[in-house]
Amino acid sequence: MRQLLQGRYRHAKKVHLVVDHLNTHFAKVFVDILGQKRAQKLLSRIEFHYTPKHGSCLNMAEIEIGILDKQCLNGKIATETELVAQVKAWKTRRNRQRKTIEWKFTRRDADKKLGKHYVA
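Once you know that position 100 of the sequence shown is 100 in our numbering, the rest is easy, because the numbers rise by one and skip nothing.
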């Protein structure tokens, strides 16, 4: 996030970030990692938008991140450099294998599962 806010979106007054409800997205994590002052500077430019708690089956990116987590991030990673290297190697393998997600969720399934969340 820091790289995006200070790089690609450095001129944006506000960045809208769509995230799921995992605790890794809460402001406290920014503070824990960056410290109060640096975190607050970044957080003042982020507006969080959360996906429905029970809608993860609709999010292909979340499915792929879950696969990444199980296949790549299941051990202790000591440094950011190590994390970047492991994720890059995983991504290269995954792309070489041409893995896909078989989408089975239909509109009818979505209506049954999420209908109560629809805005009238």
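Derived by calculation from the structure, the hints in this document are not laboratory data. Just so you know, these numbers come straight off a predicted model, no measurement behind them. Keep in mind that a hint or two might mislead.
[Unchecked claim] Lysine-lysine pairs mimicking BS3-like chemistry, simulated, CA-CA at most 30 angstroms apart:
(1) K88 <-> K99
(2) K70 <-> K104
(3) K116 <-> K104
Evaluated hints:
Simply put, K88 and K99 have alpha-carbon atoms about 16 angstroms apart, close enough for the 30 angstroms limit, and the pair holds. Of the pairs offered as hints, the one joining K70 and K104 holds, with about 21 angstroms between alpha carbons and a cut-off of 30 angstroms not exceeded. Taking the CA atoms of K116 and K104, the gap is near 21 angstroms; set against the 30 angstroms cutoff, the hint holds.
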